[in-house]
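*Asks:* Order-wise, the sequence lines are chains A and B.
In terms of the working numbering, the first sequence is numbered consecutively and its last residue is 190.
In terms of the working numbering, the second sequence is numbered consecutively and its last residue is 164.
Mixed in with the good hints, there may be bad ones.
[To be verified] Okay, derived cross-link-like pairs now, SDA-like style, lysine to any residue, Cα gap no bigger than 25 Å in a straight line:
#1 162(A) <-> 125(B)
#2 162(A) <-> 140(B)
#3 162(A) <-> 159(B)
#4 162(A) <-> 37(B)
#5 98(B) <-> 28(A)
#6 98(B) <-> 23(A)
#7 98(B) <-> 57(A)
#8 162(A) <-> 36(B)
#9 140(B) <-> 23(A)
#10 162(A) <-> 163(B)
#11 98(B) <-> 26(A)
#12 140(B) <-> 69(A)
#13 98(B) <-> 72(A)
#14 162(A) <-> 172(A)
#15 162(A) <-> 178(A)
#16 125(B) <-> 57(A)
#17 125(B) <-> 59(A)
These are computed hints drawn from the structure, not numbers from a lab.
If you want the building blocks of each chain, they are given just below.
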Amino acid sequence: MSLLPFCQWLAETPGSIALRESLYMYPLVESAHVLTLCLFLGMTIMFDLRLLGVTLTGVPMAEIRQRLGPWIAAGFVLMVTTGALLFYAIPVRSYQSLWFRIKVVALILAGLNAFVFHSGIDRRLAEWDRQCLPPPAARRAGAASLMLWAVIVVTGRMIAYKWFDCDRQPQPRIVNVLAGCVLPAPGARR
Amino acid sequence: MNLSILDVLPWIEWIAASRLGQAMNTSTWAFAVIESIHLLALAVIGGAVLMVDLRLLGFGLRTQPIDQVARDAWPWFVRSWAVMIVTGLLLFSSEPLKLYYSTPFFWKMTCLLLGTLFAVSVRRKVTLTAEGRTSPVVLKLVGVVSLLLWFGVGAAGRWVGFSG
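One chain only, chain A, in its complex shape (with noise of 0.2 Å):
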């Protein structure tokens, strides 16, 4: 199933095409988007960072889960937003792109090893809340969201450049494919 017709219909509703074509809003909300970069991602790096046991080790792992907590989930809403209104203004070429859609893909993943964390060593907090290191399970989740936040990082600011845009062509046929181009029948005029 593709979501081309969905995209293609957002991009004609008036809310799309005012933020797409206006002077200030889109390039406010992008820098609202990347400058949320820093409290998000910073707070969750000093979060990952001290379930690999390299900062912040005398603090115990359930204070910095409360105290950090609320700052992550701020600024996971703050970047959520932001970021679903950047794909309301471009929805086409977004759904299209490439990069776009291996950002996707890693946030799902990071998404499920968020999952797989508190659903799973989290639970068993009281047993290594105090330990410099904690245990092999949690620091494989610090390292996991390390790893796929900076695939999020650099596949989203990807996004702007058009090397592999499908009115781009010719493309190699990867490209295409990954990308969801629509191409016209070979044959047909251009």
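Here the structure of chain A is known, so what remains is to put chain B in place on it, guided by the hints.
*Replies:* Only chain B this time, still in chain A's reference frame:
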């Protein structure tokens, strides 16, 4: 006295014409890759700065001693700052003349200089002083000034990309 050494324009032009500047300017991937690293370091420096400033304002890790939070954050601040400067210089070399004449870039560099000086002087001294020796008002003020300066760096930096 000859003050021509203060005229940086010849240096800017030299960077633009240098092999590095030319390579950064003409490469398809170099700017994108280095800017991505710049962004990753932004997240780290954001975390290292926010964690301490939020603590100074009485938020975040507020049950931990300020000097401990500051000590833990410091190496990450220094490392990410260094990565920011190196990648920033490379990005600068790709279009030095445009940035030389850019108003947002001027403000970014001003905030960066002030933020860095503040971080290694007043803020470092205040955060490492034993708790109770500094009035809570001063702690909060230091946190606010630091947040404003670094926000200025980030916001002006973002605006560099939007201004032709």
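*Asks:* Give a verdict on every hint.
*Replies:* Hints versus structure:
1. Only pairs whose Cα atoms come within 25 Å are accepted, and residue 162(A) paired with residue 125(B) is rejected, the gap being roughly 47 Å.
2. For the hint linking residue 162(A) to residue 140(B), the alpha-carbon distance of about 45 Å lies beyond 25 Å, and the restraint is violated.
3. Annotation: proposed proximity of residue 162(A) to residue 159(B) holds, straight-line Cα distance about 21 Å (limit 25 Å).
4. The suggested pairing of residue 162(A) with residue 37(B) holds, with an alpha-carbon distance near 19 Å, which does not exceed 25 Å.
5. Proximity of residue 98(B) to residue 28(A) is assessed by CA-CA distance (about 22 Å); at most 25 Å being required, the pair is judged to hold.
6. With a C-alpha separation of about 22 Å, the suggested pairing of residue 98(B) with residue 23(A) holds against the 25 Å cut-off.
7. This hinted pair does not check out: residue 98(B) and residue 57(A) have alpha carbons roughly 45 Å apart, beyond 25 Å.
8. Taken as a hint, the residue 162(A) and residue 36(B) pair is honoured in the structure, with Cα atoms around 16 Å apart against an allowance of 25 Å.
9. In summary, the hint linking residue 140(B) to residue 23(A) is not supported, as the alpha carbons are separated by about 36 Å, beyond the 25 Å threshold.
10. Annotation: proposed proximity of residue 162(A) to residue 163(B) holds, straight-line Cα distance about 20 Å (limit 25 Å).
11. A threshold of 25 Å between alpha carbons decides the hint, and for residue 98(B) with residue 26(A) the separation of about 23 Å falls inside it, so the pair holds.
12. Between residue 140(B) and residue 69(A), the direct Cα distance comes to roughly 22 Å. Compliance with the 25 Å bound is thereby established for this hinted pair.
13. Pair hint residue 98(B) plus residue 72(A) does not hold up; C-alpha atoms about 37 Å apart against a cutoff of 25 Å.
14. This hinted pair checks out: residue 162(A) and residue 172(A) have alpha carbons roughly 14 Å apart, not beyond 25 Å.
15. Only pairs whose Cα atoms come within 25 Å are accepted, and residue 162(A) paired with residue 178(A) is accepted, the gap being roughly 15 Å.
16. A distance of roughly 22 Å separates the Cα atoms of residue 125(B) and residue 57(A); the hinted pair therefore holds under the 25 Å criterion.
17. The hinted pair formed by residue 125(B) and residue 59(A) meets the criterion: a straight-line CA distance of about 22 Å does not exceed 25 Å.
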